[in-house]
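Protein chains in written order, with this note's numbering: chain A, 1 to 175; chain B, 1 to 107.
It is possible that some hints are incorrect.
The list that follows gives simulated cross-link-like pairs (lysine-lysine, DSBU-like), each with its CA atoms no further than 35 angstroms apart [to be verified]:
{"no.": "1", "chain 1": "B", "residue 1": "K51", "chain 2": "B", "residue 2": "K64"}
{"no.": "2", "chain 1": "A", "residue 1": "K82", "chain 2": "B", "residue 2": "K51"}
{"no.": "3", "chain 1": "B", "residue 1": "K36", "chain 2": "B", "residue 2": "K64"}
{"no.": "4", "chain 1": "A", "residue 1": "K83", "chain 2": "B", "residue 2": "K51"}
{"no.": "5", "chain 1": "B", "residue 1": "K51", "chain 2": "B", "residue 2": "K36"}
{"no.": "6", "chain 1": "A", "residue 1": "K146", "chain 2": "A", "residue 2": "K82"}
{"no.": "7", "chain 1": "A", "residue 1": "K146", "chain 2": "B", "residue 2": "K51"}
{"no.": "8", "chain 1": "A", "residue 1": "K82", "chain 2": "B", "residue 2": "K36"}
{"no.": "9", "chain 1": "A", "residue 1": "K146", "chain 2": "B", "residue 2": "K36"}
{"no.": "10", "chain 1": "A", "residue 1": "K146", "chain 2": "A", "residue 2": "K83"}
Okay, the calculated beta carbon distance ranges per label pair [what the hints assert, rightly or not]:
{"no.": "11", "chain 1": "A", "residue 1": "R22", "chain 2": "B", "residue 2": "E21", "range": "23 to 33 angstroms"}
{"no.": "12", "chain 1": "B", "residue 1": "L5", "chain 2": "A", "residue 2": "A59", "range": "14 to 24 angstroms"}
{"no.": "13", "chain 1": "B", "residue 1": "H50", "chain 2": "A", "residue 2": "G92", "range": "27 to 37 angstroms"}
{"no.": "14", "chain 1": "B", "residue 1": "D22", "chain 2": "A", "residue 2": "R10", "range": "26 to 36 angstroms"}
{"no.": "15", "chain 1": "A", "residue 1": "A58", "chain 2": "B", "residue 2": "G34", "range": "20 to 30 angstroms"}
{"no.": "16", "chain 1": "A", "residue 1": "W7", "chain 2": "B", "residue 2": "G34", "range": "18 to 28 angstroms"}
{"no.": "17", "chain 1": "A", "residue 1": "P113", "chain 2": "B", "residue 2": "L5", "range": "55 to 65 angstroms"}
{"no.": "18", "chain 1": "A", "residue 1": "T148", "chain 2": "B", "residue 2": "P66", "range": "44 to 54 angstroms"}
{"no.": "19", "chain 1": "B", "residue 1": "H50", "chain 2": "A", "residue 2": "P113", "range": "51 to 61 angstroms"}
{"no.": "20", "chain 1": "A", "residue 1": "R22", "chain 2": "B", "residue 2": "R4", "range": "11 to 21 angstroms"}
{"no.": "21", "chain 1": "B", "residue 1": "E21", "chain 2": "A", "residue 2": "G2", "range": "35 to 45 angstroms"}
{"no.": "22", "chain 1": "A", "residue 1": "D40", "chain 2": "B", "residue 2": "T73", "range": "28 to 38 angstroms"}
These aren't lab readings, by the way, just hints derived from the structure by calculation.
Each residue gets a CB set at the ideal place from its N, CA and C atoms; glycine is no exception.
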Amino acid sequence: MGAPRQWAARLLGFVVRHAPARSRDWASAMLRELDFIEGDWAALYWALGSMAALIRHAASGWRSWFRGRIPNKEEPMNNFGKKALGVGSGIGLAFLLVLCAFGVQSLLEFIFPSLRQDHAMMTHAITMILIPEVTFVVAAIILWRKRTAVAAGILLFAIAAGAHVAFFLATHSHS
Amino acid sequence: MKVRLSPQTLLVLDAFLAQPEDWQYGYDLSRNTGLKSGTLYPILMRLAEHKLLDTAWEPADPGKPPRHMYRFTPEGLRFAREHPLARPSGSLGRVALSQILTHQGSI
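The following block holds chain A by itself, in its conformation from the complex:
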């Protein structure tokens, strides 16, 4: 048994052990099929695709649970819940982007130490402020018509981040 097939079996074995009850039979079924797949890499791709399918299946269960928690008869409350979830998702996505930008900046400074010594302020301004803020605005414009709540969440985060930068610059220029 080659390494990719071993990884595939481990991956699906892990999923079978940790899958929610409603998905466990399906996870076992996908794991069992591995024995019949020709080719180690094909087995690994099978396992990765299966894992994605199980995540979607579990997510649909969580969505149903979440919908069940929101009272159906109170439509305004239902809408409010959806909007709050959308805004929260927008803020979460924006936060993730900033985390990624921070990772990129750290990586750049690790690869090119001179950036940290000579151009720290400029690197920080480009990777942590300019690129994320431009991305936020573009994403908000694209999403505004179809995902207004998500776009609002992104914009909210962009404004908060912009205010943070303005406050930082104001306090540091006085000192």
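Following the hints, put chain B in place on chain A, whose structure we already have.
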């Protein structure tokens, strides 16, 4: 009945229509339809949740784990045959899928 009939779902229905009485395995369905596991299994799950597919574990030899199998329920068979895009002969292949996709793109 509210089942989303994507071109991929039609391919799966068609693969079952080719041998409507027989139990089929996931990997065989994947090979017959050309669908990856990440596409095939959500369709199987959805069809099973709508009671269009029966699922069962194949009785295996001692020491060997059983294998999961799928087959149309009577309702599933009726649904597949009644749907205008599903081919009763079981002949919907990749060519037909590409035609459906092209047709959808041109609408």
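Query raised in the report: Under the criterion that the straight-line Cα-Cα distance not exceed 35 angstroms, is the pair K36 (chain B), K64 (chain B) satisfied?
Result: holds (25 angstroms)
Query raised in the report: Hey, K83 (chain A) versus K51 (chain B), does the alpha-carbon distance stay inside 35 angstroms?
Result: Answer holds: K83 (chain A) to K51 (chain B) is near 33 angstroms, not above 35 angstroms.
Query - C-beta pair D22 (chain B), R10 (chain A): status relative to the range 26 to 36 angstroms that was hinted - result: Once the Cβ atoms are compared, 32 angstroms apart, the range 26 to 36 angstroms for R10 (chain A) and D22 (chain B) holds.
Query raised in the report: When you take the CB atoms of D40 (chain A) and T73 (chain B), is the distance between them in 28 to 38 angstroms?
Result: At 36 angstroms between Cβs, range holds.
Query raised in the report: Is K146 (chain A) close enough to K51 (chain B), meaning Cα to Cα at most 35 angstroms?
Result: holds (33 angstroms)
Report task. Would you mind confirming whether the straight-line C-alpha gap from K146 (chain A) to K83 (chain A) stays at or under 35 angstroms? Result -> holds (12 angstroms)
Query raised in the report: Using the C-beta atoms of W7 (chain A) and G34 (chain B), is the stated range 18 to 28 angstroms upheld?
Result: holds (24 angstroms)
**Report entry** Pair hint outcome, K82 (chain A) versus K36 (chain B) [Cα-Cα no greater than 35 angstroms]
**Finding:** Holds, at roughly 32 angstroms.
Requested in this report: Confirm or reject the claim that A58 (chain A) and G34 (chain B) have a C-beta distance inside 20 to 30 angstroms.
Outcome: Because 26 angstroms falls inside the window, the suggested range holds.
Query raised in the report: Between H50 (chain B) and P113 (chain A), is the Cβ distance one that fits in 51 to 61 angstroms?
Result: The hinted range 51 to 61 angstroms holds for H50 (chain B) and P113 (chain A), with Cβ atoms some 59 angstroms apart.
Query - CB-CB spacing for R4 (chain B) and R22 (chain A) relative to the 11 to 21 angstroms hint - result: holds (20 angstroms)
Query raised in the report: Given the proposed pairing of K82 (chain A) with K51 (chain B), does the C-alpha separation stay at or below 35 angstroms?
Result: holds (30 angstroms)
Hint compliance for this structure: every hint is met.
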